[in-house]
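Peer 1: Sequence:
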Amino acid sequence: MQYKMLVLDMDDTLLTDDHRISDLNKKVILEAQAKGVYVILASGRPTIAMTAYAKELELDLNDSYIISFNGAIISRVKDDLVLFEQKLTVEQIHALYDYSVKMKTDIITYLDDEIISQTDSEYIEVEKEITGMVHRKVSDFKSYVDRPAVKCILLEKPEYLKTVENDLIEEMPHLSISMSKPFFLEAAQQGIDKAASLKYLADKLGIQQSEIIAVGNAGNDLTMIEYAGLGVWVDNVTPELRDKADLIVASNNNDGVAEVVQRYILN
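What the sequence shown shows, in the numbering used here, is residues -5 to 261, in sequence order.
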């Protein structure tokens, strides 16, 4: 099989624990692009928190794309052209806020390239560190969030948030719900996930499902892992998902992405 597209989750997959692209991962990704393979970054991250990594990998020079906010936005790296965007309504965001209050979790959303919340949290601090974005703490979340936004994240201790996930799926079946980290429960518009946006982009580029490799590690990657012709977990995958992929490679800290590229694209 000649693969034409490589789709990579970022945090805990492509990136090491200290948020770097290893030298080997970068080297083989550049080699894959030199062979004409599209490399797509697909992350729960906001677009602004992906662009520098995309340019480090020369996705702008190779006319490639990023899928951000768990699939809510698809954009071209070289000129920031937005191909696709789907947001939550104000009413949906406010309902999620009310739900978070009821369930005693923190909640964030994103407006004007800022993280918006009414509270502080150790997990909001993690999101600030990951994205490098400004955190705006507001006195009244619902008053401040007066226009649509691409997604919300509920944040709490992992053992509790897992129970919230199951409840939220039942409470709001009209939304797309997934875990991106054990302490990040993400909510987006119905039908929005990485697989749906990947299919949209692949169709535009004339690439078949069987010609796609996708690599990830967490619940918000599952749809694209199951959609791709070759779905791959890195070894640090969320334990209950280990049997959901075609292949498991080395961890994010041990060049798992490079292993995939060397075995299935460069060889």
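Simulated from the structure, these hints should not be mistaken for laboratory data.
Cβ coordinates follow ideal geometry from the N, Cα and C atoms, glycine included.
Watch out, some of these pointers could steer you wrong.
[To be verified] Below, computed lysine to any residue pairings styled on SDA-like, alpha-carbon distance capped at 25 Å: (1) K21 <-> E165; (2) K81 <-> E165; (3) K81 <-> A46.
[What the hints assert, rightly or not] So the derived label-pair ranges between C-beta atoms look like this: (4) K136 <-> L18: 16 to 24 Å; (5) K49 <-> H129: 33 to 41 Å; (6) T113 <-> E52: 22 to 30 Å; (7) S204 <-> K151: 18 to 26 Å; (8) H168 <-> E25: 41 to 49 Å; (9) V95 <-> L75: 15 to 23 Å; (10) K156 <-> T113: 19 to 27 Å.
Peer 1: Hints first: check each against the structure and report whether it holds.
Peer 2: Going through the hints against the structure:
With a C-alpha separation of about 45 Å, the suggested pairing of K21 with E165 is violated against the 25 Å cut-off. Simply put, K81 and E165 have alpha-carbon atoms about 19 Å apart, close enough for the 25 Å limit, and the pair holds. For the given pair, K81 sits about 24 Å from A46 by alpha-carbon distance, which is consistent with the 25 Å threshold. The hinted range of 16 to 24 Å is not satisfied by K136 and L18, whose Cβ atoms lie roughly 47 Å apart.
For the pair K49 and H129, the beta carbons lie near 24 Å from each other, so the given range of 33 to 41 Å is not met. Checked against the hint of 22 to 30 Å, the C-beta distance between T113 and E52 comes to roughly 39 Å, which is inconsistent with it. Roughly 41 Å separates the CB atoms of S204 and K151, a value that falls outside the hinted 18 to 26 Å. Here the CB-CB span from H168 to E25 is close to 43 Å, well matched to the stated 41 to 49 Å.
Distance hint check for V95 and L75: the Cβ-Cβ separation is about 38 Å, which falls outside the suggested range of 15 to 23 Å. The supplied range of 19 to 27 Å is met by K156 and T113, whose beta-carbon atoms lie about 21 Å from each other.
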